[in-house]
Amino acid sequence: MKDINSDLLIDKTETVISIDGLHKSFDDLIVLNGIDLKLYRRENLTVLGRSGSGKSVLLKIIVGLLKPDKGEVIVLGKHLGRLDTAELNTLRLRIGFSFQSSALYDSMNVFQNLAFPLVMNIKGISKNKVQESVEEVLSAVALSEKIFQMPAELSGGQRKRIGIARALITKPEIMLYDEPTSGLDPITSVEIIDLINEVQHRYNTSSIIITHDLTCAKNTGNRIAMLDDGKFLKVGKFEEVFASDDERIKGFFNYNFIE
Amino acid sequence: MKMINPDKRKYLFSKKIDSQLTDIYSGFKFTTQFFKEAFRKPFYFKETVNQCFEIGLRSLGLITITGFIVGFVFVKQSRPSLESFGATSWLPSLMGIASVRALGPLVTALITAGKVGSGIGAELGSMKVTEQIDAMEVSAINPFKYLVVTRVVAATVSIFMLALYCDFVELLGSYMNINSAEGISIPTFLRNAFSSLSFLDLITNIVKAVTYGFTIGIVGCYKGYNASQGTRGVGMAANQAVVLAIFLIFLEEFIIVQVVNWIRYL
Chain W
51 MKDINSDLLI DKTETVISID GLHKSFDDLI VLNGIDLKLY RRENLTVLGR SGSGKSVLLK
111 IIVGLLKPDK GEVIVLGKHL GRLDTAELNT LRLRIGFSFQ SSALYDSMNV FQNLAFPLVM
171 NIKGISKNKV QESVEEVLSA VALSEKIFQM PAELSGGQRK RIGIARALIT KPEIMLYDEP
231 TSGLDPITSV EIIDLINEVQ HRYNTSSIII THDLTCAKNT GNRIAMLDDG KFLKVGKFEE
291 VFASDDERIK GFFNYNFIE
Chain L
10 MKMINPDKRK YLFSKKIDSQ LTDIYSGFKF TTQFFKEAFR KPFYFKETVN QCFEIGLRSL
70 GLITITGFIV GFVFVKQSRP SLESFGATSW LPSLMGIASV RALGPLVTAL ITAGKVGSGI
130 GAELGSMKVT EQIDAMEVSA INPFKYLVVT RVVAATVSIF MLALYCDFVE LLGSYMNINS
190 AEGISIPTFL RNAFSSLSFL DLITNIVKAV TYGFTIGIVG CYKGYNASQG TRGVGMAANQ
250 AVVLAIFLIF LEEFIIVQVV NWIRYL
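Chains as they are written, first to last, in my numbering: chain W, 51 to 309; chain L, 10 to 275.
Please note that the accuracy of each hint is not assured.
No farther apart than 30 Å at their CA atoms in a straight line, the calculated lysine-lysine pairs in the DSS-like style are these [claimed, not checked]:
| hint | chain 1 | residue 1 | chain 2 | residue 2 |
| --- | --- | --- | --- | --- |
| 1 | W | K173 | L | K45 |
| 2 | W | K179 | L | K50 |
| 3 | L | K55 | W | K179 |
| 4 | W | K128 | L | K50 |
| 5 | L | K19 | W | K117 |
| 6 | L | K19 | W | K110 |
| 7 | L | K50 | W | K173 |
| 8 | W | K117 | W | K284 |
| 9 | L | K38 | W | K117 |
| 10 | W | K88 | L | K50 |
| 11 | W | K62 | W | K300 |
| 12 | W | K120 | L | K38 |
| 13 | L | K85 | W | K110 |
| 14 | L | K24 | L | K38 |
| 15 | L | K50 | W | K221 |
| 16 | W | K300 | W | K179 |
| 17 | L | K25 | W | K120 |
| 18 | L | K124 | W | K110 |
| 19 | L | K45 | L | K55 |
| 20 | L | K38 | L | K50 |
| 21 | L | K38 | W | K128 |
| 22 | W | K128 | L | K24 |
| 23 | L | K50 | W | K117 |
| 24 | L | K19 | W | K221 |
| 25 | W | K300 | L | K38 |
Estimated spans, in silico, between C-beta atoms of each pair [to be verified]:
| hint | chain 1 | residue 1 | chain 2 | residue 2 | range |
| --- | --- | --- | --- | --- | --- |
| 26 | L | S35 | W | E185 | 40 to 48 Å |
| 27 | L | R241 | W | A293 | 27 to 35 Å |
| 28 | W | H73 | L | F62 | 42 to 50 Å |
| 29 | L | S23 | W | G71 | 31 to 39 Å |
| 30 | W | G71 | L | D27 | 24 to 32 Å |
Hints in this document: simulated from the structure, not taken from any laboratory.
In this text, a Cβ means the ideal position worked out from N, Cα and C, and glycines have one as well.
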């Protein structure tokens, strides 16, 4: 669970992600309708919201998988809209993305899954260096013994951990977690929450955690942003957001909260 | 709750026709992107060779059996007609023309459209709906180049080679039948089979095989790469990859035959 001193890690003088007036629609559906957001160095920001509220779309825009209709997204000092493909790829190596479905490559074993981003991006990287990096991230997610297993042989929680390990292999400065605890039992969820906090400490990452799980939000986020109807209703400490008078926030918390 | 955009979409014709036109345009753009990416570094030779193995070598057994049966049956069914006016000696020539001009590439294309096209469509479709393609992209790997270019090149090369192999197996099948009835030797059979063929026939065979291979690869990749709607989308991608590839193969057969005949009688 969250270390109460993790707030001390945050460097509020440095913004790693800055979003201003972000809009995104799909055909007739407005998904994001004027999002403003700042993520500070070494901060964990949790974005809470109901399913289909556009949380994952926000992450996909930050990593350049989707293009916004309007608004500015600055990641690690780079304006996403002004980057060419090569520059965007260089930036992506500084961002780790943990997918909701883990998105492990079915045809590769765990070692190959983890080595793939390194081998494909670093020309002439030695086998020893690849092995060393893979072993390091596997040990960070406490799954060293699974190195030669296929994704189909892993449990849901193990797949999530390997997904996080793959995101960490390039030593990113920013981690993006898409629903890290969805579909997991409570015990495994707590393990993943602990892992997210450990990653923040061990790798000094700044993170955005997308979730609708209040336990995860409370225990991972230094700040919480409540997303609804394409806008942030409230951004602040968990207690501040929890104490909000907004009926939509109250409804969400009353329905979901597990202490 | 999502909000409805007040700026309602207007359709050029109707929703269905517009969507089909968009699909054709997307397919064209996808093919254009293939040519752009195919000649740009990096080249994933290892993955291309791996795919050649998956597509080519794994289809070899099926092509062998089918080609042999087609050759054997073709001769068996043609014999009574030729026999009625004492022209069974023409069977090797007939088979040579039929196999090289049409049957070899077409049989190979139809078999591989079912086996390879659906396989590529399902594989990429599954990768798409489970976000594996997105995962590649966020790892700064160009998924189009790694997945699509390698598979289309491998399909083109493998199906071209399979078509040549199919020609050979069809001739072998037909020889078996002819030899059992007429008892002619292999050199005589081959001399007769190739005597009626021209250089243009060989070129046509190559053009057809390459065109069909490319079509199967690009259609399979296009349908898989653009799959949506979860597991249902994967099934649809595999199915549509086969149906569209077969339709395009017959369309291309029609066009190539027209062009070749026009050249032949110039």
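So, going through the hints one by one against the coordinates:
1. K173(W) with K45(L): holds (23 Å)
2. K179(W) with K50(L): Roughly 24 Å between the alpha carbons, so the hint for K179(W) and K50(L) holds.
3. K55(L) with K179(W): holds (21 Å)
4. K128(W) with K50(L): It holds: about 25 Å lies between the C-alpha atoms, which stays within 30 Å.
5. K19(L) with K117(W): Holds: K19(L) and K117(W) sit about 22 Å apart, inside 30 Å.
6. K19(L) with K110(W): holds (28 Å)
7. K50(L) with K173(W): Roughly 13 Å separates the two Cα atoms, so the pair holds.
8. K117(W) with K284(W): Roughly 25 Å between the alpha carbons, so the hint for K117(W) and K284(W) holds.
9. K38(L) with K117(W): holds (18 Å)
10. K88(W) with K50(L): At roughly 37 Å apart (the allowed maximum being 30 Å), K50(L) and K88(W) break the hint.
11. K62(W) with K300(W): Holds, at about 29 Å.
12. K120(W) with K38(L): holds (25 Å)
13. K85(L) with K110(W): violated (61 Å)
14. K24(L) with K38(L): Satisfied, since the Cα-Cα distance of roughly 21 Å is no more than 30 Å.
15. K50(L) with K221(W): Distance ~26 Å between K50(L) and K221(W) Cα, so the pair holds.
16. K300(W) with K179(W): Violated, at about 50 Å.
17. K25(L) with K120(W): holds (29 Å)
18. K124(L) with K110(W): violated (34 Å)
19. K45(L) with K55(L): Satisfied, since the Cα-Cα distance of roughly 20 Å is no more than 30 Å.
20. K38(L) with K50(L): holds (20 Å)
21. K38(L) with K128(W): Cα-Cα ~29 Å, so holds.
22. K128(W) with K24(L): Since the Cα atoms of K128(W) and K24(L) sit roughly 39 Å apart, the hinted pair is violated (cutoff 30 Å).
23. K50(L) with K117(W): holds (25 Å)
24. K19(L) with K221(W): violated (47 Å)
25. K300(W) with K38(L): violated (48 Å)
26. S35(L) with E185(W): 40 to 48 Å: Taking Cβ atoms as reference, S35(L) and E185(W) lie about 43 Å apart, which means the hint holds.
27. R241(L) with A293(W): 27 to 35 Å: With a Cβ separation near 44 Å, R241(L) and A293(W) fall outside 27 to 35 Å, so the hint is violated.
28. H73(W) with F62(L): 42 to 50 Å: holds (47 Å)
29. S23(L) with G71(W): 31 to 39 Å: holds (35 Å)
30. G71(W) with D27(L): 24 to 32 Å: Given range 24 to 32 Å: holds, Cβ gap about 31 Å.
Taken one by one, the earlier hints fail for this structure at numbers 10, 13, 16, 18, 22, 24, 25, 27, listed in ascending order.
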